[in-house]
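Residues per chain, in single letters:
There are 2 protein chains.
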Amino acid sequence: MTDTRAAPTLPQPYLLFLGDVVEPGYAKTAFGLRDWAGDKCVGEFACDGAAVSAGLERMTPAEARARGARSLVIGVANSGGVIGDSWVAPLVEALEAGLDIVSGMHVRLAAVPAIAEAAAKHGRRLIDVRTPPAGIPVGTGVKRSGKRLLAVGTDCAVGKKYTALALANAFAARGVDVDFRATGQTGIMIAGGGMPMDAVVSDFEAGAAEILSPDADPGHWDVIEGQGSLFHPGFAAVSLGLLHGSQPDVIVVCHEPDRQKMLGTTYPTPSVEDTIALNLELGRRTNPAIRCGGVSLNTAKLSATEAERLITAEGERLGLPVADPIRGGVAFDRLVEYCLG
Amino acid sequence: MTDTRAAPTLPQPYLLFLGDVVEPGYAKTAFGLRDWAGDKCVGEFACDGAAVSAGLERMTPAEARARGARSLVIGVANSGGVIGDSWVAPLVEALEAGLDIVSGMHVRLAAVPAIAEAAAKHGRRLIDVRTPPAGIPVGTGVKRSGKRLLAVGTDCAVGKKYTALALANAFAARGVDVDFRATGQTGIMIAGGGMPMDAVVSDFEAGAAEILSPDADPGHWDVIEGQGSLFHPGFAAVSLGLLHGSQPDVIVVCHEPDRQKMLGTTYPTPSVEDTIALNLELGRRTNPAIRCGGVSLNTAKLSATEAERLITAEGERLGLPVADPIRGGVAFDRLVEYCLG
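Protein sequence lines correspond, in order, to chains X and F. The first sequence runs 1 to 341 under the numbering used here. The second sequence runs 1 to 341 under the numbering used here.
Honestly, I wouldn't trust all of these hints.
Unchecked claim - Restricting the straight-line Cα-Cα distance to at most 25 Å, the calculated cross-link-like pairs of lysine-lysine (DSS-like) are:
1) F:K28 - X:K261
2) F:K143 - F:K301
3) F:K28 - F:K301
4) X:K40 - X:K28
5) X:K261 - X:K301
6) F:K261 - X:K143
Simulated from the structure, these hints should not be mistaken for lab results.
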């Protein structure tokens with residue numbers, strides 16, 4: 001019984017919208033889409049005077065539509081998480097050109113009257129990927145068919161999304177039947193669908209994870225983007241509902257080596273060992289066969305030599321495959337193969 | 001810094017509305033209000049032909065208003081969780097008489113046009129206690145002053161609400177400065193305020209628990225109603241967010257001895273020992289001094305002799321105070337005193 005109530009498929013391919021940002025840090029969503037869904041992006045579009053580019057061909061919404069684009073994706077944030085006044089005219093232009101708009105902003109697209117009116121007038125959709133679908137059921141814990149891997153973390157923002165994407169790509173490259181299952185806004189845009197787990201009402205958190213990775217063929221893998229950390233005093237509820245509902249066969253623990261305190265708190269970051277142990281302990285509740293497939297280290301702040309040394313040392317210390325998926329290499333191959341079992 | 005964003009104070013005293021139910025099982029909310037907030041209920045009211053009574057004086061909304069009632073509380077459910085057609089005229093009568101309406105139904109009061117219109121016309125409030133307040137913050141895990149006790153459970157519906165109410169009453173009877181903190185709809189109606197934890201978006205679950213039991217005097221106790229179970233495959237996210245955000249000094253584990261399977265699942269009910277251990281392990285994250293104050297057994301299905309025998313045997317086996325708060329007695333006194341430490 002496959003349940004398809006997870007967030008609907010987004011209209012692809014995309015035109016990436018870069019707004020008027022001048023700091024690359026605010027364009028992470030656009031960069032993520034370029035890097036992981038580049039084949040689904042026909043070009044980029046920005047306000048006059050925008051200083052940031054994702055390196056794609058710049059074009060108008062009408063040109064993008066002519067090349068097959070079906071939606072404009074807001075690929076930037078600003079400090080308030082709002083839709084800037086200067087964005088309204090370009091977004092209306094996109095609707096007029098026949099594109100839907102996809103947004104992960106906190107503010108709803110339809111809350112901006114000019115955008116709501118233009119969408120209604122031109123019969124276009126305004127899609128807020130932070131909004132969960134209606135009718136999410138309560139979790140049952142009933143075992144589903146198929147294989148599942150969940151990327152978990154010692155903390156928030158340590159690389160769970162990119163780890164899951166890299167593992168899904170590597171599985172596919174080995175001929176494995178695999179789906180990446182997105183649980184956050186950027187992941188959902190990359191995948192073209194998914195479940196915004198942190199926006200789901202807590203009573204339905206595990207149920208939302210259950211419908212995100214439905215029954216599948218015995219050889220099929222779902223590689224699921226994790227959220228938060230079981231140790232985070234603010235977000236552990238999200239992590240536990242996702243763990244229980246995903247009933248993973250394999251977890252991969254994601255970690256940033258130099259993270260001293262958990263995001264937004266004074267709490268020390270837990271060790272990789274404690275994170276493995278607690279995820280296995282709690283995950284066993286819905287999948288007694290759960291095991292750890294290895295560790296994904298985010299070594300972006302280290303030199304290649306330092307990263308290699310750390311990856312080797314951690315692998316020996318933990319007795320598990322350790323790799324940085326972004327660096328790839330033999331270490332990552334070992335991680336992939338150990339996950340597949 | 002006391003944060004008062006938890007659900008607003010409900011207008012009390014109440015007139016209990018019993019609808020048209022003929023099965024006492026559907027009137028649990030009314031019975032709970034009668035038993036635990038009897039001093040805040042001026043009477044009861046029902047449709048013609050209703051067969052269930054809470055044993056209070058029957059009166060019209062106008063009579064209740066004249067005796068000081070400020071709201072009508074819907075004290076019944078029906079199988080669909082909806083507002084029955086036959087309820088609309090009596091509810092409109094209550095609004096006309098000057099009463100607000102308080103509801104814990106799934107359907108919103110304002111979704112019934114005749115009720116919404118009457119409320120607007122007479123300037124009355126429609127209060128859905130399942131709706132969390134706006135602006136709940138993300139949890140921080142910052143330690144708060146004052147003492148906290150959380151009633152946790154081996155499963156859902158094992159007596160956590162009544163255990164917390166009985167403990168809060170017993171604390172007060174000993175001269176302790178105490179507040180009962182409600183986390184479910186009936187508890188919120190009894191307390192006249194609280195936080196509907198299962199309706200909070202998961203990203204804010206721990207934050208909602210944090211504002212429910214704000215900073216307090218060092219000798220003050222908050223006795224917090226628990227939700228779900230850390231072992232429940234559907235609801236553990238609610239339980240973990242509540243545990244982290246409550247940062248309890250003391251947990252009391254609630255258990256129904258003859259519960260073989262967890263509510264709505266085929267999962268075996270966990271043991272009391274495992275429930276103590278997991279709550280202490282995870283609760284230590286936000287309060288390293290957490291301890292177990294004892295066990296509350298729901299012995300409603302046992303004879304007095306069987307109950308006493310079981311309570312004694314479990315106390316010896318676990319080496320902790322064990323009692324049924326509804327039966328009270330010396331065993332319950334011991335539990336209360338051990339909780340207070």
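Verification of the hints:
1. F:K28 - X:K261: Outside the cut-off at roughly 46 Å; violated.
2. F:K143 - F:K301: Given that 25 Å is the threshold and the Cα spacing comes to 40 Å, the pair is violated.
3. F:K28 - F:K301: Since the Cα atoms of K28 (chain F) and K301 (chain F) sit roughly 17 Å apart, the hinted pair holds (cutoff 25 Å).
4. X:K40 - X:K28: holds (17 Å)
5. X:K261 - X:K301: holds (16 Å)
6. F:K261 - X:K143: holds (16 Å)
In summary, the numbered hints that this structure violates are 1, 2.
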